[in-house]
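Starting from the known structure of chain A, fit chain B onto it as the hints suggest.
Protein chains: 2
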Amino acid sequence: MQFHLNGFKPGDPHVEDAAPHVARHTDTVPAEVDVLIVGCGPAGLTLAAQLAAFPDIHTCIVEQKDGPLQLGQADGIACRTMEMFEAFNFAERVLKEACWINEVTFWKPDEDQPEHIARHGRVQDTEDGLSEFPHVVLNQARVHDFYLELMRNSPSRLEPHYSRRLVDVAVDDADPTHPVTVRVERCDGIHAGKIETIRARYVVGCDGARSNVRRAIGLQLVGDSANQAWGVMDVLAVTDFPDIRYKVAVQSAHGNLLVIPREGGYLVRLYVEMDKLGDEERVASRGITVERLIEVAQGILHPYKLDVKEVPWWSVYEIGQRICARYDDATDGSGKMPRVFIAGDACHTHSPKAGQGMNFSMQDTFNLGWKLASVLRGQCAPGLLDSYSQERQVVAQELIDFDREWAKMFSDPARQGNGDQSDGVDPKEFQKYFEQHGRFTAGMGTHYKASLITGGASHQQLATGFVIGTRFHSAPVVRIADARPMQLGHAGKADGRWRLYAFGGATDHTSDQSGIRALCRYLQESPDSPVRKYTRAGQDMDGVFDVRAIFQQSHHDLSTRSMPALLLPIKGRYGLHDYEKVFCPDLKSGHDIFDLRGIDRERGALVVVRPDQYIAHVLPLGAHQALADFFAGFMLP
Amino acid sequence: MQFHLNGFKPGDPHVEDAAPHVARHTDTVPAEVDVLIVGCGPAGLTLAAQLAAFPDIHTCIVEQKDGPLQLGQADGIACRTMEMFEAFNFAERVLKEACWINEVTFWKPDEDQPEHIARHGRVQDTEDGLSEFPHVVLNQARVHDFYLELMRNSPSRLEPHYSRRLVDVAVDDADPTHPVTVRVERCDGIHAGKIETIRARYVVGCDGARSNVRRAIGLQLVGDSANQAWGVMDVLAVTDFPDIRYKVAVQSAHGNLLVIPREGGYLVRLYVEMDKLGDEERVASRGITVERLIEVAQGILHPYKLDVKEVPWWSVYEIGQRICARYDDATDGSGKMPRVFIAGDACHTHSPKAGQGMNFSMQDTFNLGWKLASVLRGQCAPGLLDSYSQERQVVAQELIDFDREWAKMFSDPARQGNGDQSDGVDPKEFQKYFEQHGRFTAGMGTHYKASLITGGASHQQLATGFVIGTRFHSAPVVRIADARPMQLGHAGKADGRWRLYAFGGATDHTSDQSGIRALCRYLQESPDSPVRKYTRAGQDMDGVFDVRAIFQQSHHDLSTRSMPALLLPIKGRYGLHDYEKVFCPDLKSGHDIFDLRGIDRERGALVVVRPDQYIAHVLPLGAHQALADFFAGFMLP
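The listed protein sequences derive, respectively, from chains A and B.
For the first sequence, the positions run 170 to 806 when this note's numbering is used.
For the second sequence, the positions run 170 to 806 when this note's numbering is used.
Don't read these hints as lab results, they were simulated from the structure.
Given the structure is predicted, the values throughout are model-derived calculations rather than measurements.
Watch out, some of these pointers could steer you wrong.
Copies of the same chain are indistinguishable here, so a pair counts whether it falls within one copy or spans any two.
Derived BS3-like pairs (lysine-lysine); straight-line CA-CA distance at most 27 Å [what the hints assert, rightly or not]:
1) K265 <-> K740
2) K234 <-> K178
3) K662 <-> K265
4) K478 <-> K178
5) K740 <-> K702
6) K474 <-> K178
7) K740 <-> K474
8) K478 <-> K740
9) K757 <-> K601
10) K234 <-> K478
11) K740 <-> K178
12) K445 <-> K740
13) K178 <-> K662
14) K505 <-> K618
15) K702 <-> K662
16) K618 <-> K662
This is chain A alone, in the form it adopts within the complex (with noise of 0.2 Å):
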């Protein structure tokens, strides 16, 4: 963490500085914004989060329900998620109090017993080297409160509206500035009935599966259903079955069961298959009470015993993947710009077992949030917008093809030793299944086309672990200033800035012609120079490139001084040099980030990383006009 640069400032540094015109949050809602969001689930608090970060745009955050969540659905948190909350500056929060998922077993009917069931393998949740995260569970109402937190303590102080109904969205296109109108109701108390009207530029709807922002825009989801009802249950329970606290995919003679464990120790989810529904038949129908869900997972685990003490959350619901065709009010090929977004359920509902929902939920508005920040901010031209809908609709319909590959696997019997020609699924199959799986349930397997914001793969081999397109993969390196061992994926703060990462090719950094030195002089001197073009007078050096630099020698042979003044940079009201830009490898971990990630070493290789820690290009050192070339193509002067 980085504070006291414009002075000595006392108490907890996570509370930022108010910026000096944010007004106290009021009852009411402003009658004019920048952005309203409407939903405080997931997708809503991390783009309010993300803009909370730009007291200079005025955001404003509804919700239906009367308070903060309480106790959430979702509680699966990728590593993915995990690498993006290290951005939002809680990760370490979330590693505390969650439930680390670290091994899954598989069971199925005993061989000899088949009323019995009887374990049949194990895998490690994550691949060796997948992230520096674990993939954790959590209730969802702990990640609301994180960012909560973190919005009051934002220079913007930004808080939500409850208890606020949407009523209608109208779009005016005529309207320069605000061409949005949004209705709200109020549903509090003596405000009851109240309609507020706030006009915005651009409103995001993360008001879920049933969104009414989707419903206003003429949008909707589409898909398909497996006709297959299921329970899911939060249990405080005693149990004799001995893999309770691991992750657990049971298939059973009496139907499947998975056993997710909890946070705190004893809390455990329970997902259970319920019954077979006709086609067009609704879960509601069946009228199915938690004792029969309890009743069905007892069933499922025999021999073993389970007890239930408490259940302090349950639901049923049909096995089903819906998706949207886009995920704005212009994308339809009319030319027309966005002014009305949704993400997360209001574009896509997978299976809950996938433990996808919040996490790709949050994906969508970290990629909007940037994009919406940058245009408003005018830094980018509001085509740039256009992108969010390409970008996160295609890799949705992705996850939920292959999910529902997966889900049907899942719900397959297993085969019966080796002898089994059956039409079951061979359980070394579904185990190397599971671990392709594993990729996309870990967030990873998100992968960007090339577009205006993603270069194409021509200098791909200069490092062919930071894979365009995808997320910047993190690995440990030795800040040089202080000897410090750290991950290099953690400079990546959610502030809104580009990164460049600089890897030294072999002459770096004795040469002053050296990759890393032309470079800083370019980015530093030339009228080309996107730092130049794109950065504000009166805004530190790194405001909007923040440049690192990585070089293969050890920090002992590499010293602040020598750097350029791009790698030292000058900031704040006192000018002071900020330490924190130049890294060597961590050889003592082992773990060299030049091999770790495919870095030429003869020649280097610069890494262009988005806001929200995607891979936009891979560039050689020395391509300063490609550089210049790409920013050109969406970044406004």
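Below, chain B without anything else, positioned relative to chain A:
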């Protein structure tokens, strides 16, 4: 973290339920308490935080200042202190905010240009494997904040009473319940001058080097001074000195200087050697200004520039080490029971450069806290309290002796090259001594002598890496119930419980006659068992003794199902299983705890750990009677 044991509870799991009888914090102090703590510094707050865990103990803490500290003097946080913070459950917050001290560099006059300084060496700050935590630096005020939050969230809801000046302390041995009467004077606004009287069972003076409590019980600090003035300042500065983010010892032709980088990436603390003082002279008489400090620092750092922009805090002091001969009002051989204690700076003061003041002070009251709680809760006889002064005074004396030698060495000039045969210090010797000293400054020099609560070394060879009388040295393990990799030592929370770590021998856990099984049977069934004798009816089975087992096998070869009931205890209102008692080596990390800590693989070992994380005893797994005898020495049935 474990929670939800007695039912699902929404919200932050750090906020415990308030105990039913706990009253709201009031503006006036209570008339009668179990423990009165005087002073809200690190010693006082560590004690208050420890006692706050026990709502059946009525604790009050008073402080002369009018509110929480905003800007503290102390900053160094030793590895050992981080281990304690982990027990108090906020280590991760300190790790995040603090500056990590990774390496130390040494500078001396340049051989060719003695007016210039040049780097002559660098060493790792903390030797590998000394602790799972780094040495860090963070403003003491933030440490206070973490303690205060923990106290507010505890079942006691403990909060300090500020603006209270100690007037006097009187002990009336004839009073069987509350023999100490303390009078405090309010110094806030309209209440100023009002005298309040508090009757207490025990009083602990954590009121600093000028302790009034110490004076009241007739003790004094004794020691010497090196007649050397030093200045210290926290600065925000621009400099070209390349090691400004390292801990640096500079020996120049113009005197000595120590650089301590601070949290936030910009702030730096400088200790600057100032004037030689006369024999009886106090530093105050010199009228040293901050401008003079800066000037001297600039001279020492020549040829590097130091442009100071802001000085949030500065001070001057004379080097000296002083200590009290005892830490209570009774261990003078009179046979009285101690009723008044002193801790922290009230007992010992050091050279601040060693970074020991805050660390040693907190360890004082971490030592005292569980003892007071055990006596007040009727678990131990009051004689236990004698061990506080006996243990802490001795280790403070050892530290001071070591520190004096080191301080002298630090003040000597460095020898110039191989040919120099002067009285100066050989840089290689200096470096070697630094590494030895490192254990003391890391807080690992503390080694309690054999006593009622520290066993003899006759079985030390069973676990050579767990030295009796030193802190329990954590190591990586895997929890078998969920395959989670973790630190074994982090099982030890500041909850007043004893920990029995049973390391399995060769026949564990295959044989029913094995050491761990036999031990668990004894502890559960024998009438002599400490678990049966000292655990109250209605308490959880692990309420006094927290038994943990570590087997040599992989977790794939072990199962919670086959564990003795003591290792899968039934707890809380629902009788839920606690799955967090059994571990195995973390072989994937490459560090087998049996090798790391020298456990006898044939016989195993039982390591008995005190509530303050110090190793009380090492015994054979089968030494049931010796275990019973040990606890019978100081515990009450």
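Quick rundown of the hints versus the structure:
no.: 1; hint: K265 <-> K740; verdict: between (34 Å within a copy, 22 Å between copies)
no.: 2; hint: K234 <-> K178; verdict: between (37 Å within a copy, 20 Å between copies)
no.: 3; hint: K662 <-> K265; verdict: both (20 Å within a copy, 14 Å between copies)
no.: 4; hint: K478 <-> K178; verdict: between (50 Å within a copy, 14 Å between copies)
no.: 5; hint: K740 <-> K702; verdict: within (18 Å within a copy, 65 Å between copies)
no.: 6; hint: K474 <-> K178; verdict: between (57 Å within a copy, 25 Å between copies)
no.: 7; hint: K740 <-> K474; verdict: between (63 Å within a copy, 18 Å between copies)
no.: 8; hint: K478 <-> K740; verdict: between (58 Å within a copy, 13 Å between copies)
no.: 9; hint: K757 <-> K601; verdict: between (33 Å within a copy, 21 Å between copies)
no.: 10; hint: K234 <-> K478; verdict: neither (29 Å within a copy, 50 Å between copies)
no.: 11; hint: K740 <-> K178; verdict: within (17 Å within a copy, 46 Å between copies)
no.: 12; hint: K445 <-> K740; verdict: neither (64 Å within a copy, 39 Å between copies)
no.: 13; hint: K178 <-> K662; verdict: within (21 Å within a copy, 32 Å between copies)
no.: 14; hint: K505 <-> K618; verdict: within (22 Å within a copy, 80 Å between copies)
no.: 15; hint: K702 <-> K662; verdict: within (23 Å within a copy, 54 Å between copies)
no.: 16; hint: K618 <-> K662; verdict: within (23 Å within a copy, 49 Å between copies)
The structure fails hints 10, 12 (numbered hints given earlier, in ascending order).
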